[in-house]
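Single-letter residue listing:
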Amino acid sequence: MSCPRTQHLLTEYFSDDLSKVTQTEIEKHLLTCDDCTAELESIQNTQSRLRQWQDDRVPHWDRGKTLFRQEHPGNEQQRRNWFWQWLPSAASFAMLCMLIFNTSISRSESGFTVSFGTADDAFDKNHLELRLAQFGELQQLEQNQMLQDFLARMDERQDGNNLRLMQAVFDQTKQTTAESFDQMYSYFEQRRQLDLENVQVSYQQLVDSDFETLMSMQQLANYVRYPGDAR
Amino acid sequence: MSFIDDDEALIATALNGSSYAWEKLVKRYEGRIYNYGLRLTGNATDAMDLMQEVFLGVYRNLHRFRGDAKFSSWIFRIAHNKAIDMNRRRALIQGRTFSIEDDENGEYLVPEQTTDNEPDTQLSKGQQNEEIQCMLQKLPMEQRLIVELKIYQSQTFEEISKMQEISENTAKTRFYAALKKLKVVMEESHVLS
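First to last, the sequence lines map onto chains S and P. Oh and the first sequence: position 51 is 51 in my numbering, straight run, nothing missing. Oh and the second sequence: position 29 is 29 in my numbering, straight run, nothing missing.
Bear in mind the hints are in silico, worked out from the structure with no lab data behind them. Just so you know, not all the hints are guaranteed correct.
To be verified - Calculated cross-link-like contacts (lysine-lysine; reagent style DSS-like; alpha-carbon spacing at most 25 Å): (1) Lys70/P - Lys65/S; (2) Lys70/P - Lys27/P; (3) Lys65/S - Lys27/P; (4) Lys181/P - Lys162/P; (5) Lys181/P - Lys70/P; (6) Lys70/P - Lys24/P; (7) Lys162/P - Lys180/P; (8) Lys180/P - Lys28/S; (9) Lys65/S - Lys24/P.
Said to hold, decoys possible - Incomplete in silico selection of chain S near chain P, CB under 7 Å: (10) Leu10; (11) Ser42; (12) Leu50; (13) Val58; (14) Arg63; (15) His72.
Beta carbons: idealized from backbone N, C-alpha and C, even for Gly.
Let the hints inform the model, and build the full structure from the sequences given.
Now the structure itself:
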């Protein structure tokens, strides 16, 4: 290291509050001074090497607990003794209270409920009413849902029935119409036969009548022709 | 009692005699203090001694902690003082300090290593940490403290100067001098290896 400014510049370089001007000045110098640049680089390497420290684990020790307990004799012990001394009494008292107040613990969907004696009738009543109202609402909802489902099914079924009925009517109508045509045809045929017979009979009668008329005319003519003869 | 979490609450509870709070407080800082000790003393035994002294000091002075500064700053100030005291005591009693001085041949002494009969500490040390410890031991105590505070505790030169009761410029100069020396040590170790 031969640059006389190296020590001063690098001491400043590692300052916490390095001003912009000083920093610029140092950097400008570093651009032109190989000695300072090399020195800075090696110092930075040293720093990096130091920063590679990884914390070791602390070996087991008592963390001053022994001393602490010595310095606070009976403090923890007193608390512990106090606790164990009063625990049976507290438990007995709690049991007695539970018996006197007729304590009951019930479990519901919303959690546990602690009730005391009959004083909670109002609470029970209200609770029951609330539950009943909830049940009623639930039932009503279910019924409405069922009704909706039923109506939907009915609609569906009704549509099917109507379709089937229309189909049946249509088939029936087709069949009936054919039968009707057959009947009409036979009827008209029958009527035609009857009419023909009637016409034939009538014609025969007419012919007979004509013949009679002719005969009558002939008799009349004969009569007319021969009356004088007869007188 | 697991809801107690911040330092102030733990301190208050510990002062009321709760060993649980005290243990929690110690557990929170013992790692940092122990590693601080490792870097300053260079060996696990001295680091443990220092850590125990620090927590003893913390315990004795806990009622004096007012909460003006952060508890971490306070505990490291105690650690700093204890480290200097310990170094001074060792120098007086055994003629040995944490720092490694040149021996008669002008070579650096190897820092005190943990022995094989201390498997727990031996195993917990990485090669990397050992090398850094060796490097740091080659610095005088005042330079090592500056490096510790600046590099590992991330303190500003202003904070360091207040703690060490020196000027900021002296702190800066010492820090740069320490880095220069460490650079030489690193270069020498590379040449030797």
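Hint-by-hint comparison with the structure:
1. Lys70/P - Lys65/S: 24 Å, holds
2. Lys70/P - Lys27/P: 17 Å, holds
3. Lys65/S - Lys27/P: 12 Å, holds
4. Lys181/P - Lys162/P: 24 Å, holds
5. Lys181/P - Lys70/P: 33 Å, violated
6. Lys70/P - Lys24/P: 17 Å, holds
7. Lys162/P - Lys180/P: This hinted pair holds, its Cα atoms lying about 23 Å apart.
8. Lys180/P - Lys28/S: The given pair, whose Cα atoms are some 22 Å apart, holds under the 25 Å limit.
9. Lys65/S - Lys24/P: 11 Å, holds
10. Leu10: 6 Å, holds
11. Ser42: 5 Å, holds
12. Leu50: 5 Å, holds
13. Val58: 4 Å, holds
14. Arg63: 4 Å, holds
15. His72: Because about 4 Å separates His72/S from the closest Cβ in chain P, which is inside the 7 Å limit, the hint holds.
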